[in-house]
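So the sequences go chain by chain: Z and S.
First residue of the first sequence: 1, per our numbering; consecutive thereafter.
First residue of the second sequence: 1, per our numbering; consecutive thereafter.
Treat the hints with care, since some could be wrong.
Claimed, not checked - Label-pair ranges, simulated between beta-carbon atoms: (1) S:H40 <-> Z:T82: 23 to 29 Å; (2) S:H40 <-> Z:R17: 27 to 33 Å; (3) Z:T82 <-> S:L80: 38 to 44 Å.
Don't read these hints as lab results, they were simulated from the structure.
Note that the structure is predicted; figures quoted are calculated from it, not measured.
For each residue, glycine too, the CB sits at the ideal point set by N, CA and C.
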Amino acid sequence: DAGITQSPRYKITETGRQVTLMCHQTWSHSYMFWYRQDLGHGLRLIYYSAAADITDKGEVPDGYVVSRSKTENFPLTLESATRSQTSVYFCASSESLITEAKNIQYFGAGTRLSVL
Amino acid sequence: DAKTTQPTSMDCAEGRAANLPCNHSTISGNEYVYWYRQIHSQGPQYIIHGLKNNETNEMASLIITEDRKSSTLILPHATLRDTAVYYCIVRVHPQLSSGSARQLTFGSGTQLTVLP
Chain Z
1 DAGITQSPRY
11 KITETGRQVT
21 LMCHQTWSHS
31 YMFWYRQDLG
41 HGLRLIYYSA
51 AADITDKGEV
61 PDGYVVSRSK
71 TENFPLTLES
81 ATRSQTSVYF
91 CASSESLITE
101 AKNIQYFGAG
111 TRLSVL
Chain S
1 DAKTTQPTSM
11 DCAEGRAANL
21 PCNHSTISGN
31 EYVYWYRQIH
41 SQGPQYIIHG
51 LKNNETNEMA
61 SLIITEDRKS
71 STLILPHATL
81 RDTAVYYCIV
91 RVHPQLSSGS
101 ARQLTFGSGT
111 QLTVLP
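Here chain S stands alone, though its shape is the one from the complex:
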């Protein structure tokens, strides 16, 4: 799976949009971009994923650049409950992998702090 680079930490004012960048310049054509987050003392939580088109769900939007080398997770109206570590994960479709390659590989992520 491709390596990802994320800023170590970011702050965002409550009610404003939080834009979390992720660089994945070595991504290959069959690799998806996933975002998970982990609130302190909780298990990781799935947010959104995409291949090349922008995606939106009830939690967030995912913007993937045309060359797919980077992406941005957007939380449109951040709340204090969105304070968490956000992980950008790039992985090949599990059907194309085997064994431990099917695991999710979490890097260091971005600590997002939403400020009141």
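Isolated chain Z, as found in the complex:
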């Protein structure tokens, strides 16, 4: 039971480079989310997806692009990385938003990204 996995766990890149963070879940959950966590800001939602090919912006979407061609994958791309995007990124998934028992979000272990 692999659950939800993120890769890489750690990434160092330079300003202006494109970076893609991967998220894979084995539960066939409909909903997937990307959050970033910074000191003083808690977790903030970047993008979320309700199903394959359906994505929507969260609280802080600028500078990020997402896609979801398959239910199990939800990659997050920083098209031109900036220092302000240095953060810890968490992917999460939930089965459904219909019933309370199924809208629990399950998180991956995170990707620590440093933009130099």
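Let chain Z serve as the given structure and place chain S on it in line with the hints.
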């Protein structure tokens, strides 16, 4: 979603019950109380949630006051592995919200340290 107030930090002796309070005095009738925790360098982990009745699962118990303005998370026999930041989150049922309102809003939480 209603705002929550939690103590910044708490200590608990190993093997004793840990009681983590949360104040949510502005909670509305369709808002649930969720608890998540985040162990250092890991992703957030769901613990328990409830609407108005007390709830118990294999991890913890959730006691919600009759007026729903506050709640307490109880870890019955705390272990060193329970050392983490605990987040109390109040949110409306996702079917009643849209867009980024469906995100989980994490506040500062309570740093629980279980002492040997």
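Here's how the hints hold up against the structure:
no., hint, in the structure
1, S:H40 <-> Z:T82: 23 to 29 Å, "27 Å, holds"
2, S:H40 <-> Z:R17: 27 to 33 Å, "29 Å, holds"
3, Z:T82 <-> S:L80: 38 to 44 Å, "39 Å, holds"
Figure legend: structure checked against the earlier numbered hints; every hint is met.
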